[in-house]
Amino acid sequence: MSPTVAMILTLAVGTYAFRLVGPVLHGRIAIPPRVQELLSAGAIVLLVALLATGSLTEGDGFAGWARPAGVLVGAVLAWRRAPFVVVVLGAAAATAVLRAAGVG
Amino acid sequence: MRTAERTALVRDSALVWLASGVVGVSFGAIAVTGGLPVWVPVVMSLVVYAGSAQFSAVGVLLAGGGPFTAAVTGLLLNTRTAAYGLAVADILGRGRVSRLLGAHLVTDETVAFALAQPDPARRRAAFWISGLGLFAVWNTGVLLGALAGGALGDTGTYGLDAAFPAVLVALVLPTLRADAAVRRSALLGAALALAVTPAVPAGVPVLVALAGLVLHGGRRPA
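Chains A and B are the protein sequences, given in the same order. Position 52 of the first sequence, counting from 1, maps to 70 under the working numbering, and the rest follow consecutively. Position 208 of the second sequence, counting from 1, maps to 210 under the working numbering, and the rest follow consecutively.
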């Protein structure tokens with residue numbers, strides 16, 4: 019087996035195992051309501067951290083201004099309850115326009 | 003569930019599919035133009051099926067970091083799917099096929115989309131509509147990108163790197179607006195994640211964010 023195949027298989031099996039923990043445990047152990055509540059909150063906390071780091075950083079440095087500015091445009095649109103399509107396309111368009119104008 | 007509700011779920015999912023499809027195309031193209039054979043990004047997308055981990059693993063490979071480091075980086079990034087799996091276990095229910103298949107479809111976008119729905123029936127429909135559609139579109143995109151190679155150019159020009167965070171903003175905002183305890187936890191978590199990003203390996207910052215749950219408090223959210 020080539021090292022690349024081994025890498026892909028390790029990553030695939032490990033990832034699937036992580037994903038399977040919740041569905042397999044479900045119904046076998048009784049999860050107290052408080053824990054269930056923390057798990058749901060935890061998923062949102064992870065997603066918010068992901069969107070913050072994904073907006074602002076690239077590798078271990080700053081992503082440049084165009085991307086977070088675009089996400090901010092999307093956030094304002096979402097706050098004003100704009101449709102989902104408008105939020106996402108608005109963010110991408112704002113970033114594209116800023117880049118075309120020479121903002122990093 | 004009414005047909006109109008299902009149509010609305012498909013319509014909202016479709017945009018996530020579109021954005022992910024384009025990101026998939028760029029993943030396939032980056033891997034192949036970097037010198038990997040076409041089957042590597044294609045097989046990886048089918049069996050790993052986690053965009054950020056795939057980009058990181060291929061990035062490490064192309065940078066000469068070696069397969070071991072590539073696998074560890076990808077796994078570290080994917081530890082968060084364990085938390086997602088626990089959060090959506092309820093939605094997947096008890097059926098064996100539904101659990102085994104559903105687990106593979108757990109991604110940031112699909113979990114966020116499902117949890118954003120107001121009731122259990124809609125959460126379940128949202129999970130499967132988003133999950134199956136995303137799997138199909140992502141893998142098709144990667145295949146097309148791998149075959150097209152570098153003809154696409156820089157996807158950053160189209161601002162697509164802002165689309166994924168914006169998708170997450172749109173999905174988590176209703177919860178953040180309604181639930182003060184989650185809002186406090188998420189803000190602290192995001193601040194912690196940003197603070198440690200320069201110092202720790204990829205994948206660790208979002209795990210550090212879970213420490214934000216200390217602000218969740220002991221009472222039911224308002």
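Mixed in with the good hints there might be a few duds.
[As the list claims (entries may be wrong)] Which chain B residues stay away from chain A? Per the calculated CB distances, all over 10 Å, these:
| id | residue |
| --- | --- |
| 1 | T9 |
| 2 | A84 |
| 3 | A153 |
[As the list claims (entries may be wrong)] Some chain A residues judged to face chain B by a derived CB distance under 7 Å, without partners named:
| id | residue |
| --- | --- |
| 4 | M25 |
| 5 | L29 |
| 6 | F36 |
| 7 | R37 |
| 8 | H44 |
| 9 | R46 |
| 10 | A48 |
| 11 | P50 |
| 12 | G60 |
| 13 | L64 |
| 14 | V66 |
| 15 | A70 |
| 16 | G82 |
| 17 | V106 |
| 18 | A119 |
| 19 | G120 |
Think of the hints as simulated: they come from the structure by calculation, not from any bench. All C-beta atoms, glycine included, are put in the ideal place defined by N, C-alpha and C.
Taking the least C-beta to C-beta distance, is A:R37 closer than 7 Å to chain B? With a closest approach of 4 Å, the A:R37 hint holds.
Against chain B, run the beta carbon of A:V66 and see if the smallest gap drops under 7 Å. Check passed: Cβ of A:V66 comes within 4 Å of chain B, closer than 7 Å.
Per the CB criterion, is A:L29 less than 7 Å away from chain B? Hint on A:L29: holds, closest Cβ of chain B at ~4 Å, below 7 Å.
Interface hint check: A:A119, Cβ to nearest Cβ on chain B, cutoff 7 Å. Holds or violated? violated (12 Å)
Whether B:A84 stays farther than 10 Å from all C-beta atoms of chain A, as the label says: violated (4 Å)
A:A70 was flagged as interface toward chain B. Is the shortest Cβ-Cβ separation under 7 Å? holds (4 Å)
Does A:G120 hold up as a contact with chain B if the rule is Cβ-Cβ below 7 Å? At about 12 Å, which exceeds the 7 Å cut-off, the nearest Cβ of chain B leaves the hint on A:G120 violated.
Restraint check, 7 Å cut-off on beta carbons, for A:V106 near chain B: Since chain B brings a Cβ to about 5 Å from A:V106, closer than 7 Å, the hint holds.
Confirm or reject: B:A153 is not an interface residue toward chain A, with every Cβ-Cβ distance exceeding 10 Å. holds (19 Å)
Could you check if A:A48 really has its C-beta closer than 7 Å to a C-beta on chain B? Constraint on A:A48 not satisfied, violated at 12 Å.
A cut-off of 10 Å on Cβ-Cβ distance, and B:T9 was said to be off the interface with chain A. Does that hold? Since the minimum Cβ distance to chain A is about 14 Å, B:T9 lies beyond 10 Å and the statement holds.
Once the shortest beta carbon distance from A:G82 to chain B is found, is it less than 7 Å? violated (9 Å)
When held up to the earlier numbered hints, the structure conflicts with 2, 9, 10, 11, 16, 18, 19 and fits the remainder.
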